[in-house]
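Number of protein chains: 2
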Amino acid sequence: MQLYNYHRSSASFRVRIALALKGLPYDYQPVHLVRNEQLAADYAARSAQRLVPLLVDGDHAISQSLAIIEYLDETHPEPALLPADALGRARVRSLALDIACEIHPLNNLRVLRYLVKDLGVSEDAKNAWYRHWVEGGLEVVERRLTSEPQTGRHCHGDTPGLADCLLVPQIFNAQRFDCRLDGLPTVMRIFDACMALPAFQAAQPSACPDAQD
Amino acid sequence: MQLYNYHRSSASFRVRIALALKGLPYDYQPVHLVRNEQLAADYAARSAQRLVPLLVDGDHAISQSLAIIEYLDETHPEPALLPADALGRARVRSLALDIACEIHPLNNLRVLRYLVKDLGVSEDAKNAWYRHWVEGGLEVVERRLTSEPQTGRHCHGDTPGLADCLLVPQIFNAQRFDCRLDGLPTVMRIFDACMALPAFQAAQPSACPDAQD
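Those protein sequence lines, which keep their order, are chains A and B. Note that the UniProt record's numbering has the first sequence beginning at 1, numbered continuously upward. Note that the UniProt record's numbering has the second sequence beginning at 1, numbered continuously upward.
Hint data in this document are derived by calculation from the structure and do not stem from the laboratory. Please note that the accuracy of each hint is not assured.
Stated by the list, open to error - Beyond 10 Å from chain B on every Cβ pair, some chain A residues (computed):
no., residue
1, Pro25
2, Asp27
3, Pro30
4, His32
5, Glu37
6, Ala40
7, Val56
8, Leu112
9, Glu135
10, Thr159
11, Asn173
12, Thr186
13, Arg189
14, Ala196
15, Leu197
Said to hold, decoys possible - Below, a list of computed lysine-lysine pairs in the DSS-like style, where the Cα atoms sit at most 25 Å apart:
no., chain 1, residue 1, chain 2, residue 2
16, A, Lys117, B, Lys117
17, A, Lys126, B, Lys126
18, B, Lys117, A, Lys126
19, B, Lys126, A, Lys117
Even glycine gets a Cβ: it sits at the ideal position worked out from N, Cα and C.
Hey, can you work out the whole structure from these sequences and the hints?
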């Protein structure tokens, strides 16, 4: 398998964690987002969205980080990243979507660029926007993780899964943009539990082959 | 089952379509977003996110439209809304996420409110923002639906599924905000095929009990 991705893309980071948790080897194919390599003709020929990550498995290319992780979980079931029961699966998916739909889309590079270039928003207002959606979104995740009995050492029980694959990259982003994290004891406890594991260490941006680019 | 939702919420609309396609009866519980009923104490006690839709099935509440639809598909498998094969499932999920993560989050009510109230964006600039993300995002969906051989009468083959549940509400939104749709022949062909079906007709905003609110 090849993974087209970028070290600092948090959607890419999610997939790298899933691959590492499953112990699956892959070719790391860097796509430099800040240099707009995702818009170049050769990459656009692979990716209709001109987005990373993109997983190539044999003749097939799969886009969208959550779809990739579900695919990996179906084709390489052990260790499972989703619970066996429908209610548990619904909970994990909804936690993942609380991050993937409510937080991350508002804060990716092209949105921040639009705020600055098209709307003429100041650097301070852009950073306030970023923190607004991250902090409000993570408060929701904290409320759920604290109140829902299925939370364990990780987001769902005591083993890392899909929701943890989403949570950790979002915290990396929050830290980069100096978001408030002190009101999130359960989120940060789970973040620390994840980062104690070799799979999360190996997948983090600073460990990537393109980390210096 | 009870569905807490709002007639004009496109995430709610997705779930209504799925329930209708499966022929599942439910109690329609309106939550008026423009009046901020989602923030009221009684609703906040149910929903950590203060968002619609929320499906209540017995003692369990499930949030996030995609997680709800996957749950319905697992607990009421016929008719299936996801293909049987892993690659097909990945394709349908990634199409759904192209809408749920790349288009819709940028254009929901709270984001538009932030643009106007916190960033002081004009009505024209707000509408341009809306159209920018919808039109660019739907171009991606069009490119995929036109080029990928699995597209049929519907987004994946000849029966409606998860991706169609996402596509139709997004087109309703695009029409409300006068987005350009003339460059989207495959998208609009599939939209028309969906709207010819009773399930999509029954689920549309104008057919909802709270349509006049």
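Inset, instruction - Find the hints from earlier in the document that the structure breaks and name them by number, from lowest to highest. - result: Of the numbered hints, all hold.
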